[in-house]
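Chemist: Residue strings, one per chain:
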Amino acid sequence: MTLHWLPRTRRFDFLQALGLAGLLGLLAARFLPLERLPFLRCALREHSGWPCPGCGLTRVAVRVAHGDIAGALDANPLGTVAALGFAACAILAALQLLFRLPLPVVHLSAQQARRLRLAVFSALAVNYAVVVVRVRFLGWP
Amino acid sequence: MQARCPRCASVFTTDRSGLQFCPNCGQQVDVPSFPGAPPESSGAGWGGPTGPAGPGSTGPGPALREDTPWERRATLGWFSGLFETWKQTIFGPQAFWASVKPNASWTDALFYAWILFAVGTLLAAPFGAFGVGRSSVQTLLDQMGELPPSTRAAIRNAVGGMGGVHVVSSLVFYPVGLIIYAAIQHLFCMLFGAAKNGYFATFRVLAYASATNIVGLLPCLGILAGLYGIVLVILGLSSVQETSLGRATGAVLLPVVLVCCCLAAAVTLFGAALAAAMGSFQSS
Numbered sequence: 001m002t003l004h005w006l007p008r009t010r011r012f013d014f015l016q017a018l019g020l021a022g023l024l025g026l027l028a029a030r031f032l033p034l035e036r037l038p039f040l041r042c043a044l045r046e047h048s049g050w051p052c053p054g055c056g057l058t059r060v061a062v063r064v065a066h067g068d069i070a071g072a073l074d075a076n077p078l079g080t081v082a083a084l085g086f087a088a089c090a091i092l093a094a095l096q097l098l099f100r101l102p103l104p105v106v107h108l109s110a111q112q113a114r115r116l117r118l119a120v121f122s123a124l125a126v127n128y129a130v131v132v133v134r135v136r137f138l139g140w141p
Numbered sequence: 001m002q003a004r005c006p007r008c009a010s011v012f013t014t015d016r017s018g019l020q021f022c023p024n025c026g027q028q029v030d031v032p033s034f035p036g037a038p039p040e041s042s043g044a045g046w047g048g049p050t051g052p053a054g055p056g057s058t059g060p061g062p063a064l065r066e067d068t069p070w071e072r073r074a075t076l077g078w079f080s081g082l083f084e085t086w087k088q089t090i091f092g093p094q095a096f097w098a099s100v101k102p103n104a105s106w107t108d109a110l111f112y113a114w115i116l117f118a119v120g121t122l123l124a125a126p127f128g129a130f131g132v133g134r135s136s137v138q139t140l141l142d143q144m145g146e147l148p149p150s151t152r153a154a155i156r157n158a159v160g161g162m163g164g165v166h167v168v169s170s171l172v173f174y175p176v177g178l179i180i181y182a183a184i185q186h187l188f189c190m191l192f193g194a195a196k197n198g199y200f201a202t203f204r205v206l207a208y209a210s211a212t213n214i215v216g217l218l219p220c221l222g223i224l225a226g227l228y229g230i231v232l233v234i235l236g237l238s239s240v241q242e243t244s245l246g247r248a249t250g251a252v253l254l255p256v257v258l259v260c261c262c263l264a265a266a267v268t269l270f271g272a273a274l275a276a277a278m279g280s281f282q283s284s
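Chains as they are written, first to last, in this note's numbering: chain A, 1 to 141; chain B, 1 to 284.
Think of the hints as simulated: they come from the structure by calculation, not from any bench.
Please note that the accuracy of each hint is not assured.
Ranges between beta-carbon positions, derived for each pair [stated by the list, open to error]:
1) T75/B with I69/A: 27 to 37 Å
2) L122/B with A125/A: 25 to 35 Å
3) L24/A with T14/B: 33 to 43 Å
4) E66/B with L24/A: 11 to 21 Å
5) R136/A with A118/B: 29 to 39 Å
6) P148/B with G71/A: 16 to 26 Å
7) I223/B with R115/A: 53 to 63 Å
8) D15/B with M1/A: 19 to 29 Å
9) R11/A with T75/B: 53 to 63 Å
10) M1/A with S80/B: 15 to 25 Å
Residues from chain A that keep clear of chain B, each with C-beta distances beyond 10 Å, as calculated [stated by the list, open to error]:
11) R30
12) L73
13) V81
14) L92
15) V126
16) V130
17) G139
Every residue, glycine too, gets a C-beta built ideally from N, C-alpha and C.
So here's chain A without its partners, still in its complex pose (with noise of 0.2 Å):
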């Protein structure tokens, strides 16, 4: 793994287009009545009983955007470090065209990468299992 260190200089780029996800989407589940949306319910969970693996992201964004982060771990783990990432992006966007900051790029090699990816994968079955179980057989909402 190596770290190069991008100039000083303002840019719009996947971190500021991230950001902007960020930002707007905390916005909206803080101002907007999201979770009383009908479109918004799982299908899937409503028809089988089964949750879906995005099953609580409304929720999660909802709590995060009230600073209840307890609260959002407990709809969806994975969601909530998401959407906290989501924020963390938000944040470091404002900063960089605020005051130019200079931000690190990481460069990894191909097995690194290849290992990075297998994490993430694993992370979403294992948050998946983790939903799963606390549906069906823990009876939470």
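With chain A held as given, fit chain B onto it using these hints.
Modeler: For chain B alone, coordinates are given in the frame of chain A:
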């Protein structure tokens, strides 16, 4: 040979020509070929201006990456550039994607997608004005229970597509939506190792693949246009990000599985209900 990065101006040594990353700042640099240079790296997919097609990539053979007709509108003319790009995207996607530069201007692609979206929105606006969908909006609001009147009005305007406010606001926010969509899609591209040419290559694919916005206006073709749009994005990512079709397909479909499998369940249930109805029709 030595090459200079246009972003950080650092000089680095390389033994090949073509697209590669600056070791100093990570910027993608297109190193021109020189006599006796070996061909570009043989990754899966198109190698670049003169690169060969890799295993699993799309395209009929070696291709020359060039500006799209839309990006050459200064010489072709605005309408001709727009129409030629749209035609190539819809009717010859493999050849089109094989010719798209991954690192050309993203604002041109955004402008192209924005114009198509504006045309589609303006053509669809009369359907909202004539009240199509009003009853479904009312059903939706009934399901949502007690809401402040201002929120109900905002939802009625936004979802029903009634009035100029919806048209104007959707036109204004479309670029933001496309930037966010591309960011989310690029995350999944990274997850599948299909992000070789960076965020703006993904952005350009999504922008040019929005050509189906216009086809979707035709009656009964909305769902087909949506599905064809997914196919266009898969082909585009495979070619422009120089990766295999399998990785591109995974990167496009995983978000659908993760977030929208509810929709898949609804479609399945609809299909099952339709099959049951057809069965009862045949038996009667």
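Chemist: Quick one: which hint numbers does this structure break? Sort them smallest to largest.
Modeler: Hints 1, 2, 4, 5, 7, 9 and 10 contradicted; others consistent.
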